[in-house]
Amino acid sequence: MNGNLLAASTAVLSLMCSVASAETVRVDAQMAPPAPREGLLKMGTGLSPSGQVISVNDRYLTLNGKPVLPVMGEFHYTRFPEQYWEEQLLKMKAAGVTVVATYVIWQHHEERPGSFDWSGNRNLRKFIQLAQKHGLYVYLRPGPWAHAEVRFGGIPDWVVDSVPTRSNDLTYLGYVDTFFAQVAEQARGLLWKDGGPVIGIQIENEYNRTGPLQGREHISRLKDMLRAHGFDVPLYTVTGWDNAVFPRGEVIPVFGTYVDEPWSAASGILPPKSSYMFQFGVRNEKGLGAQGRTSTQDDGARDSDITPFFGAEYGGGVPQMYRRRPLISPDDIADMVITKLGSGVNLLGYYMFQGGQNPSGTPSRDESVASGGYNDVPRLGYDFQAPLGQYGQAHPVLNRLKPIHAFLQAFGDRLAPMAVYAPQVKPETADDLKTLRWAFRGDGQSGFVFVNNHVRQYATPAHPDTRFEVKLSGETLTLPSKGVTVEEGAAFIWPVHFDLSGVDLLWATAQPVTKIDDGKGDLYVFAATGKIEPEFVFDAKVVRALTGAKKTGQGGRIRVTPDAGHIVTVTGTNGKIARLLLLSEAQAQSLTTVTVQGRPHLILSAAHVFGNAEGGATLRQNDPRFEFAIYPYLSGNLSANLKLKSEKFSGLFQRWSATAPEVKLSAEWRALRPAGKAPPLKNYGPRNTPVVPEPESFGASAAWTVKVPEDALKGVSDVYLDVDYQSDVARLFSGPQMLDDEYYIGRTWRIGLKRYADKLAKPLTLSVMPLREDSKVYFDASVKPQFTNGQVARIDAIRLIPEYELTLK
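Residue numbers 38 to 846, in our numbering, belong to the letters of the sequence shown in order.
It is possible that part of the hints are untrue.
Computed list of lysine-lysine pairs in PhoX-like fashion (alpha-carbon distance at most 25 Å, straight line) [what the hints assert, rightly or not]:
#	residue 1	residue 2
1	Lys-230	Lys-163
2	Lys-552	Lys-846
3	Lys-799	Lys-103
4	Lys-568	Lys-552
5	Lys-552	Lys-613
6	Lys-163	Lys-791
7	Lys-588	Lys-568
8	Lys-799	Lys-821
9	Lys-701	Lys-682
10	Lys-682	Lys-714
11	Lys-813	Lys-799
12	Lys-799	Lys-751
13	Lys-471	Lys-508
14	Lys-714	Lys-846
15	Lys-846	Lys-130
16	Lys-744	Lys-701
17	Lys-568	Lys-471
18	Lys-578	Lys-613
19	Lys-230	Lys-79
20	Lys-846	Lys-682
21	Lys-680	Lys-701
22	Lys-791	Lys-701
23	Lys-701	Lys-821
24	Lys-103	Lys-130
25	Lys-568	Lys-519
26	Lys-751	Lys-796
27	Lys-557	Lys-613
I should point out that these hints are in silico values taken from the structure, not numbers from a laboratory.
Computed from a predicted model, the values in this text were never measured in an experiment.
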């Protein structure tokens with residue numbers, strides 16, 4: 038075959054392969070959703086003294102008649118030091134959380150009969166007031182059974198010892214009633230109807246019990262008791278999964294998912310989770326770990342015809358449990374969230390958003406198999422791999438979630454009323470990894486394309502040359518302008534017929550992030566999605582002029598391809614002006630909107646950025662040199678705790694730097710005792726799985742003393758004790774007092790020292806329990822313990838990592 042013929046044949050073959058690989062996926066979204074129905078649910082007073090109204094219909098929440106799609110994050114006040122509550126609430130607010138949910142864990146307040154403690158870290162009233170101070174709503178979850186990975190699910194020992202629980206037993210209800218009266222006194226004057234921030238109550242948790250004195254009547258009785266104590270609130274909810282039972286129309290079921298199941302008896306990788314599927318007409322998911330189920334009902338599914346799709350436990354991470362120890366990546370969580378929103382979730386609730394630590398108690402407050410629980414969790418540590426960790430630090434997942442939350446805050450009023458439309462071809466099961474996973478939420482005229490091509494611990498194929506055909510009322514749009522590759526791991530939200538202050542954007546291959554008034558009008562901020570070229574497409578008939586970006590015209594449309602960091606201005610033929618700003622994907626993940634000098638500002642920084650109580654911004658990081666970019670521009674009267682230096686502009690953004698005095702620290706550590714021989718693990722409990730070693734077994738732990746300089750915290754916001762180790766269980770002591778503990782999961786153990794400042798005058802003790810080579814505990818595949826003589830108990834490095842602070846006042 039001659040060269041020309043070979044070349045021609047190769048070209049034809051290439052074209053055929055290209056055509057074969059092209060993928061146009063289709064959805065029929067032309068039918069507008071039905072009008073929402075009011076008055077189907079028996080909720081409480083939604084009117085505040087200032088005239089604001091919270092209401093709920095069968096599809097979404099409204100505030101003053103306008104749809105809202107809140108982000109709710111769990112923060113257990115009794116698991117965090119009171120003196121740091123305010124800055125943690127400000128961190129949550131900066132992350133886009135608008136509702137703070139908290140368990141009121143009964144046993145943390147009434148350890149002994151009739152002796153209530155609402156002081157210090159147990160001061161619920163102060164916690165609610167701090168949330169109100171910073172414009173956050175509060176959602177109370179008083180149980181009485183909470184679970185929360187605590188002993189007896191939060192019911193005090195003395196109650197469990199004396200009466201049947203979780204039923205309409207009159208003695209039990211009497212104890213509960215006394216507790217509810219105490220909670221009501223803490224919240225007195227702070228309910229929404231009083232001008233306060235408390236907008237809802239969750240009743241019980243994971244309640245799926247039927248039998249004498251149990252079932253729907255128990256939830257009804259608890260609601261009546263709460264209302265009798267004055268809890269007249271806009272929203273009453275229950276958890277809706279795993280065959281929940283509750284009275285129809287009296288409460289709204291809330292749902293959730295976790296991307297792994299540490300409570301599972303499985304000793305290997307789980308099958309692909311439905312967490313990563315778009316689900317159509319389904320709210321419940323399997324594997325949430327509800328305990329003690331006796332119900333064969335599914336009232337959560339039963340009430341889907343009259344209740345909106347709300348979530349309360351979309352896992353911001355997972356708890357540590359002894360037998361199963363997953364490592365969770367930021368994409369595991371963020372891409373799950375995109376999938377849930379695309380499935381119709383209209384209240385995005387996380388459990389947990391803020392990690393914490395169990396308070397001390399005798400016996401200890403942790404859930405354990407030995408005490409009859411289903412799981413063994415660390416005695417103290419409850420970091421949860423949550424967006425905000427046990428010591429208040431930002432975990433990497435936080436930056437992946439912030440752009441999604443900003444989108445919901447800015448555009449939730451558009452998304453909430455939209456229905457979910459299934460594509461013509463969709464995966465039918467969670468283990469179908471080949472079919473493209475996507476959904477459309479729309480109103481017949483406009484909407485959003487949701488795509489997720491990530492499944493935790495499983496490979497998903499790339500989808501080359503992909504376009505989306507969306508059939509709307511009166512027209513069909515096929516986007517983008519040319520096929521794009523949906524890479525493995527990609528997940529994004531694209532707008533269709535998106536209103537830019539009166540100018541219609543046909544579509545964009547960029548994700549809407551937020552909207553800000555910069556003094557010149559509305560500025561719409563978008564983020565690029567992976568390697569896909571960002572394009573913004575307008576109907577040529579609606580555009581009079583366009584500046585700030587390259588543009589091409591074809592088929593009556595204008596295609597705009599802006600550069601990141603520059604404003605594009607579109608003047609419509611109707612005289613309206615639209616302004617948009619494109620950020621790179623990395624920039625969007627470093628973006629925080631914070632009020633500075635009395636107005637919202639966009640701040641780009643690798644530091645953890647959040648508002649402060651003085652009305653400015655705080656930046657924290659482990660590097661003494663700070664860099665940030667900000668828009669709108671700061672005036673010259675800005676003050677800071679460090680000297681600010683103006684840097685060269687980066688596109689639209691004004692750039693600044695500051696350098697803190699560097700602090701160099703090292704810890705002195707030496708061996709105290711070598712490891713003994715760890716005894717064989719025992720299997721027992723409800724799932725006959727490995728259980729945490731018995732107390733006497735910890736005598737085999739290796740131990741080191743660690744001396745931290747007494748002035749280590751001088752000039753910094755915190756110092757982290759980072760421990761690289763391999764073992765089974767690690768514990769930190771000050772003398773005989775345990776300060777913290779965790780199960781080894783294959784990551785550096787990070788311990789914030791500022792809360793232990795009064796312990797640093799004397800050496801601390803680190804102990805590590807040997808991990809046996811024959812252990813049947815599940816670890817992530819990336820974790821490779823190095824065993825010697827059948828076990829491992831080693832510390833490889835101990836470092837002191839300062840955390841620096843820049844405060845803009």
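Structure-based check of each hint:
no. : hint              : result
1   : Lys-230 - Lys-163 : holds, 19 Å
2   : Lys-552 - Lys-846 : holds, 24 Å
3   : Lys-799 - Lys-103 : violated, 57 Å
4   : Lys-568 - Lys-552 : holds, 24 Å
5   : Lys-552 - Lys-613 : holds, 16 Å
6   : Lys-163 - Lys-791 : holds, 22 Å
7   : Lys-588 - Lys-568 : holds, 20 Å
8   : Lys-799 - Lys-821 : violated, 34 Å
9   : Lys-701 - Lys-682 : holds, 24 Å
10  : Lys-682 - Lys-714 : violated, 58 Å
11  : Lys-813 - Lys-799 : violated, 38 Å
12  : Lys-799 - Lys-751 : holds, 17 Å
13  : Lys-471 - Lys-508 : holds, 24 Å
14  : Lys-714 - Lys-846 : violated, 56 Å
15  : Lys-846 - Lys-130 : holds, 18 Å
16  : Lys-744 - Lys-701 : holds, 15 Å
17  : Lys-568 - Lys-471 : holds, 20 Å
18  : Lys-578 - Lys-613 : holds, 13 Å
19  : Lys-230 - Lys-79  : holds, 16 Å
20  : Lys-846 - Lys-682 : holds, 15 Å
21  : Lys-680 - Lys-701 : holds, 20 Å
22  : Lys-791 - Lys-701 : holds, 17 Å
23  : Lys-701 - Lys-821 : violated, 31 Å
24  : Lys-103 - Lys-130 : holds, 21 Å
25  : Lys-568 - Lys-519 : holds, 14 Å
26  : Lys-751 - Lys-796 : holds, 15 Å
27  : Lys-557 - Lys-613 : holds, 13 Å
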